[in-house]
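Novice: Throw the hints in and build the complete structure from the sequences for me.
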Amino acid sequence: MIDNHILAPILVQLFTAIIQLAFWRKTLTQRYLSVGGSLIGLMVAFRLFGRVHESGILTMNAANWDAPFGIVFVADLLSVTLVLLTSIACFAVSIFSSVGLSRQRMLYGYFPIFHFLIMGLHGAFLTGDIFNLYVFFEVIIISSFVLMTLGGRKAQLEGAVKYMAMNILASMFFLTGIGILYGITGSLNMADLSIRIQEVQNTALVGITACFFIIGFGIKSAVFPLYYWLPSSYHTPPSAVAATFGGLLTKVGIYAMLRVFSLIFVPDEFTRTLLMVIAVLTILTGAFGALIKTNIRRLFSYLIVCHIGFMVGGIAMFSKVALMGAVFYLIHDIMVKTNMFLVAGVIRQLGGTMDMNKLGGLYRDYPKISLLIALVLFSLVGIPPLSGFWPKIFLFQEAFNQHQYFYVAALIIGSFVTLYVIANMWAQVFWKNPPASEELENRFAPMPPYKKILMVLPIGLMTLVTLYIGLNAEAIVNVTDIISTQLMDPSAYIDAVLGNKTD
Amino acid sequence: MELLLILILGLLFAGGVYLILRRSMVKLLLGIILWGNGANILIFVLGKITKGSPPVIDEAYKVFQDIYADPIPQALILTAIVISFGLTSFAIVLLKRVYALVDSDDLDDLNTPEEEDI
Chain A
0 MIDNHILAPI
10 LVQLFTAIIQ
20 LAFWRKTLTQ
30 RYLSVGGSLI
40 GLMVAFRLFG
50 RVHESGILTM
60 NAANWDAPFG
70 IVFVADLLSV
80 TLVLLTSIAC
90 FAVSIFSSVG
100 LSRQRMLYGY
110 FPIFHFLIMG
120 LHGAFLTGDI
130 FNLYVFFEVI
140 IISSFVLMTL
150 GGRKAQLEGA
160 VKYMAMNILA
170 SMFFLTGIGI
180 LYGITGSLNM
190 ADLSIRIQEV
200 QNTALVGITA
210 CFFIIGFGIK
220 SAVFPLYYWL
230 PSSYHTPPSA
240 VAATFGGLLT
250 KVGIYAMLRV
260 FSLIFVPDEF
270 TRTLLMVIAV
280 LTILTGAFGA
290 LIKTNIRRLF
300 SYLIVCHIGF
310 MVGGIAMFSK
320 VALMGAVFYL
330 IHDIMVKTNM
340 FLVAGVIRQL
350 GGTMDMNKLG
360 GLYRDYPKIS
370 LLIALVLFSL
380 VGIPPLSGFW
390 PKIFLFQEAF
400 NQHQYFYVAA
410 LIIGSFVTLY
420 VIANMWAQVF
430 WKNPPASEEL
440 ENRFAPMPPY
450 KKILMVLPIG
460 LMTLVTLYIG
470 LNAEAIVNVT
480 DIISTQLMDP
490 SAYIDAVLGN
500 KTD
Chain B
0 MELLLILILG
10 LLFAGGVYLI
20 LRRSMVKLLL
30 GIILWGNGAN
40 ILIFVLGKIT
50 KGSPPVIDEA
60 YKVFQDIYAD
70 PIPQALILTA
80 IVISFGLTSF
90 AIVLLKRVYA
100 LVDSDDLDDL
110 NTPEEEDI
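Same order as they appear, the protein sequences are chains A and B.
Mapping the first sequence onto numbering that gives the first Met the number 0, position 3 (from 1) lands on 2, and the numbers just tick up by one.
Mapping the second sequence onto numbering that gives the first Met the number 0, position 42 (from 1) lands on 41, and the numbers just tick up by one.
No lab work stands behind these hints, which were simulated from the structure alone.
Note that this is a predicted model, so its numbers are computed, not measured.
For each residue, glycine too, the CB sits at the ideal point set by N, CA and C.
Pairwise CB distance ranges, derived in the manner of DEER restraints: (1) A:442 with B:100: 24 to 30 angstroms; (2) A:399 with B:52: 56 to 62 angstroms; (3) B:98 with A:399: 52 to 58 angstroms; (4) B:67 with A:65: 16 to 22 angstroms; (5) A:3 with B:67: 31 to 37 angstroms.
Away from chain B, derived, C-beta distances all over 12 angstroms, residues of chain A: (6) 10; (7) 194; (8) 283; (9) 291; (10) 485.
Specialist: Spelled out as structure tokens, the structure:
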């Protein structure tokens, strides 16, 4: 079904950013515009989600060029779910950054760039053209470079060099893959590619092309041998930026993997084994890395890597149940990881540092905020009724069905280590008496009350969403059920894109 | 012509990989640039090079009768060049800044211990 409303989330972000550019250096106006724009974006995303949930896949042909020739935008349930989650995260981060960011950074255009980044994310989720996906990836990374370096501290710039080099490299791999794919099929439309790739005789070449995509998306989503840029850069930018990166950027890689491997390179035995090995090693290295870190954000960075492995494992098993697990975990992960980095920002304000050894006694001083943070951490660990628990059931079930015992072991180790490091962090940051030797500055206490509220509000908002995901899991399972059915059988997607001629 | 392009693109990729594996920041940047150009030429070669047959359909027909020069790879390369231009210029500024701060061209020196600020 043709529907031009698909572009609305992208356009809202684009215009928010452009209008903000007109108010350069007027940070107060930019803050209002940013929160307002994000709110409108959220409402638009809700509406789009409702429409797609009701009436099935929507498409939009750019400039009315018919599907395989022009660029097509496709909103299937996976895309709109991710757009919706991104919009929620964008709204929360935008409120948080309006108080949690230094004025200096806002003066150099934090807000417009932030909205360009979100625009890139929406675009990447909604496009149905693989080269257009590349272009939106570039929009994302160039915005993220600027956000990462904004402020120009030494540690930040050093982290940015690693981040930049690896991400440009990932784009090069992706571009090379697209080049070969175009050479062997003569198409760039993903639905069209899905049909044409089956007619290619030279399966070895298809396999090699798939490897280019695995490497490209693997760097983006930080899987095992390619992840090291993430822990060495994500702890440097301001918390609001780290929240956007940690919650959303690696997940675009997972989204692209889900899309490309369900639609174009349907995983064969080799790809599945490769992805499974990557998944197991990613979980283990992420978990062991998290064990030895004392800086809260470095610890969270390793947990990102660890949990990416869960989702890659779901893709590797490639069955309906496994994909349900992977997609559910993706939904849970976007909310919780964004929230965790916001929490890290609040802890930094409360205690003056992010080093667990120097922190302590936050529960005594701020019991309400601590309990809110506890809910976030419980969801992350996956204490039964909360959101981290449900996707693991699907992953375990399918892993036993397919006799993937290494993955089962990795899942258990990964979950257990997550529990251990979070419990350790809780004990160190909230329960332990603060070390007497050092006097750290509490930046939270002297803030005016409205700022305090604005700082905690986004965390509360995202926690509510997480609680909804956990406590109303049946609704989410229904959505993931439809999504994984669409992923396993792409004929509905292909029909929606190629079937409707506008003449 | 194709053979020449293939040799050049092999050379660019090889040079790019070699330079990226060095520890110097400037060589990293040059490696990325070479690799990007290699990818562009790869797209160009895979678009099947044809000489002297523009993609214009003769008035008498509705579809192409003969093999024609595919315009899409050129559009793709153009987009990729513009993007890589932007990325490269950002990278140059960033690396220059880092060089001024760290006073070293060696990627192994980029390990300043934790510095506390929001």
